[in-house]
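These are the residues of each chain, in order.
2 protein chains.
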Amino acid sequence: MMGGDYAPAEAVKGIKSLEAEGHQGLHLLLLGNEVEVSPLVKEAEINESLYTIVHCPEVIGYHDHPVKALKEKLHSSIAVGFGLLARQKADAFISAGNTGAMLVGSMFSLKQIEGLLRPTIATLIPRENNKAGLLLDVGINSDCKPEQLNQFAAIGAAYAGIILGVNDPKVGLLNIGEEEGKGNILAQNTFPLLKENPNIHFIGNVEGRDILEDKADVIVCDGFTGNVLLKLLESVYPITKRQGIEHPYFDRFHFEQYGGTPVLGVEKPVIIGHGVSGSEAFKNMILLAEKMIVTDFIGQLKARL
Amino acid sequence: MMGGDYAPAEAVKGIKSLEAEGHQGLHLLLLGNEVEVSPLVKEAEINESLYTIVHCPEVIGYHDHPVKALKEKLHSSIAVGFGLLARQKADAFISAGNTGAMLVGSMFSLKQIEGLLRPTIATLIPRENNKAGLLLDVGINSDCKPEQLNQFAAIGAAYAGIILGVNDPKVGLLNIGEEEGKGNILAQNTFPLLKENPNIHFIGNVEGRDILEDKADVIVCDGFTGNVLLKLLESVYPITKRQGIEHPYFDRFHFEQYGGTPVLGVEKPVIIGHGVSGSEAFKNMILLAEKMIVTDFIGQLKARL
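As they're listed, the protein sequences go chains A and B.
Residue numbers for the first sequence, in our numbering: 1 to 305.
Residue numbers for the second sequence, in our numbering: 1 to 305.
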């Protein structure tokens, strides 16, 4: 409840709008400072059966060092959240707080899926066909091995299929040429692995010009390239606003609307929100967490890896 | 004259508009099929003192294999052009033809600047402040060493200063975090070299969100990341056209208008044009080549490396 620039008010609004839409079957553990959170949820008249406030008096700020903060601030909502997940007291964890702490918590408090080399994070990409594409890794694996990219491809295909509802998602390898054999050493060595991976529908190399197009539903790359691309694409919406450009196409570059970024490859759903998350983003993150639970996304992912 | 989708007509138009603007002091060697080129330049009434047609009966097509074509089609305009450069019969070479053949010719027909590890290619980036930034490498060095990126930084700073007229150009390292020590192994190891390079004004790491901003005048990255970014940015203008968005900011993403891409680090100016180059692009490429000659860009670059 304490994560994000507009915490905890926007989180409460998100929960309220979920309730107002008649959404049922969830129980929310609201981790935060009870003194701040309690009056807000009461004021919003959220049904008490929907939530339990878990008092977390400490806060990990945006400038706190992730590893240090997680060790020292044991009563922060992020530390408590990962503790609940690890002890099976929660099924998923959402926060718009310190991204580094969320990543460190995911990697060190939770088990990785067996056989996985490294967890990954993905982003949705607005495409011209009005459907969202998936790009991964977007930043936690800045140097990758071909075997990692091959696993990211399987993770991305599972996510696109199960969570985004894409039938037989097309997987492309981000590269700087169309033909097999093109690219840097990583891409050259990843291509044959993807070609032989029975769990994905590999369509070959895709280039920078294909990212916003309909060519691939899932695009795999190293986390350095992916993070540069993500941050470039995130900069487009603010630019259009400053330039006075209003257009539905560019509205879809408003990345905050997508809710959050799931950490993929750990034993429980973890969703990291943008610092500027508003009520809509919080609502979408809760719905995404629920979908990952009810579809048993992680169980299905294990079966595919 | 035979390179590009609208060859040779648009090249002739570009030369004509240069002449019409009263531009003087150039002599153009027009490499192409005399039967096609001659009537066009005559029809355009271009002053005969401005040009010499060099008959090149063969053409390297877009689908020709660069190395093979350059070896076999000795009478193509690309092969003849590099021959003239190498024998000091021309001071610069421009073509909108087969990019691969232009790159292979640059690397194997011309000497590299002494001490340079690898030549590079750069692209202009449209920025919000209406000035163009420079991004390099954008595709001929897909796997890089820190020492190469350090040289690209010096090359980019020289180009921004001498050719683009930027005073004390700010050089940034493309990375996925702001602080020193962030990033992939390449970026981590490049940072200290840039910090100690006396020939550049290094401002530190820049991220994806800074590419379209005014943070750095020159952004250095490996050719894999750079090529993905270039092709993504090139895809923006066609998307805005399809979406019916008309705006001066996005008009600046019309990369063809920039003329061409110089190959930097070889002993003579070589400029590679887009396949879709129109007369404006041809004119701009000629002006760029002239500027590189009259400023002794290559001499100055040698002094800095």
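Heads up, a few of these hints could be off.
Same chains, same names: a pair is fine if it fits in one copy or spans any two.
[What the hints assert, rightly or not] Here are the simulated lysine-lysine pairs, PhoX-like style, with alpha carbons at most 25 Å apart:
no., residue 1, residue 2
1, Lys-131, Lys-241
2, Lys-71, Lys-215
3, Lys-145, Lys-302
4, Lys-71, Lys-182
5, Lys-145, Lys-131
6, Lys-71, Lys-195
Hints listed in this document are in silico derivations from the structure and should not be mistaken for laboratory results.
Hints violated by the structure (listed by number, smallest first): The structure breaks hints 2, 5 and 6; every other hint is satisfied.
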